[in-house]
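Please construct the entire structure, taking both the sequences and the accompanying hints into account.
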Amino acid sequence: MAAKKTRGRQKIEMKKIENEDDRMITFSKRRSGIYKKASELVTLTGAEIGIVVFSPSGKPFSFGHPSLEAVANRFLGSSQEHPNDNTHPLVEAHRRVRINELNQQHNELLRQVDEEKAREKILKQNRKGRETQPHWWETPVDELNHQELLQMDAAIDDLHKTFLAKLNEKTAAASSSIALPIKSDEATSPND
1 MAAKKTRGRQ KIEMKKIENE DDRMITFSKR RSGIYKKASE LVTLTGAEIG IVVFSPSGKP
61 FSFGHPSLEA VANRFLGSSQ EHPNDNTHPL VEAHRRVRIN ELNQQHNELL RQVDEEKARE
121 KILKQNRKGR ETQPHWWETP VDELNHQELL QMDAAIDDLH KTFLAKLNEK TAAASSSIAL
181 PIKSDEATSP ND
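For the record, in the sequence shown the residue sitting at position 39 is 39 according to this note's numbering, with numbers rising by one throughout.
Check before you lean on any hint, since a few could be wrong.
Cut-off 25 Å, straight-line C-alpha distance, at most; resulting in silico cross-link-like pairs (BS3-like, lysine-lysine) [to be verified]: (1) Lys37 <-> Lys15; (2) Lys29 <-> Lys15; (3) Lys37 <-> Lys16; (4) Lys128 <-> Lys161; (5) Lys29 <-> Lys11; (6) Lys37 <-> Lys11; (7) Lys16 <-> Lys29; (8) Lys59 <-> Lys29; (9) Lys124 <-> Lys161; (10) Lys59 <-> Lys37; (11) Lys11 <-> Lys36; (12) Lys16 <-> Lys36; (13) Lys117 <-> Lys128; (14) Lys15 <-> Lys59; (15) Lys16 <-> Lys59.
Note that these hints are calculated values from the structure, not bench results.
Given below as structure tokens:
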């Protein structure tokens, strides 16, 4: 087995990352994580949030709900409304209802995914169980009792009849001339 190339989810020491590439990757991942948590907080509580983050290279990134400007103006105590912030309370209420509906749909889909994963696990276990057990025709005859031998004989007869019916069907379909079908009672069995 090959050695694991990544560290996975490990607790890392809280100190500045020296490698610049690793630092940028960590910044990008953590920034998206912060945005996700802020978005969840907005969805769950209806809070107004504003986040400004500067990358190690100095590039600003922001997240705001309803907008960063609206949150900043409210924080700074500005009484003037942002010109683009003309959401009517009815529109805002409809938006919140829609968000709740989408969250319910999301939760239902997650539940269905969990059910399907559980179903897949059961199917894999069943398949693994079938792979370890021999097929009925692979069972050594010496290990069978009289009743099991009779059942196996009946199963083989059924299989033979099904085989002959399929053979006749394929032969009739394949030939353009009249073919004589093989009759099951004319066929010889190994017991005769």
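Evaluation of the provided hints:
1. Lys37 <-> Lys15: holds, 22 Å
2. Lys29 <-> Lys15: With a Cα-Cα distance of about 16 Å, the restraint between Lys29 and Lys15 holds, given a limit of 25 Å.
3. Lys37 <-> Lys16: holds, 23 Å
4. Lys128 <-> Lys161: Judged against 25 Å, a Cα distance of about 31 Å means the pair is violated.
5. Lys29 <-> Lys11: holds, 15 Å
6. Lys37 <-> Lys11: Answer holds: Lys37 to Lys11 is near 19 Å, not above 25 Å.
7. Lys16 <-> Lys29: Cα-Cα ~15 Å, so holds.
8. Lys59 <-> Lys29: holds, 15 Å
9. Lys124 <-> Lys161: Roughly 33 Å between the alpha carbons, so the hint for Lys124 and Lys161 is violated.
10. Lys59 <-> Lys37: holds, 21 Å
11. Lys11 <-> Lys36: Given pair Lys11, Lys36 holds - Cα atoms ~20 Å apart, limit 25 Å.
12. Lys16 <-> Lys36: The given pair, whose Cα atoms are some 23 Å apart, holds under the 25 Å limit.
13. Lys117 <-> Lys128: Within the cut-off at roughly 16 Å; holds.
14. Lys15 <-> Lys59: holds, 21 Å
15. Lys16 <-> Lys59: holds, 18 Å
Of the hints listed earlier, those the structure fails to meet are numbers 4 and 9, in rising order.
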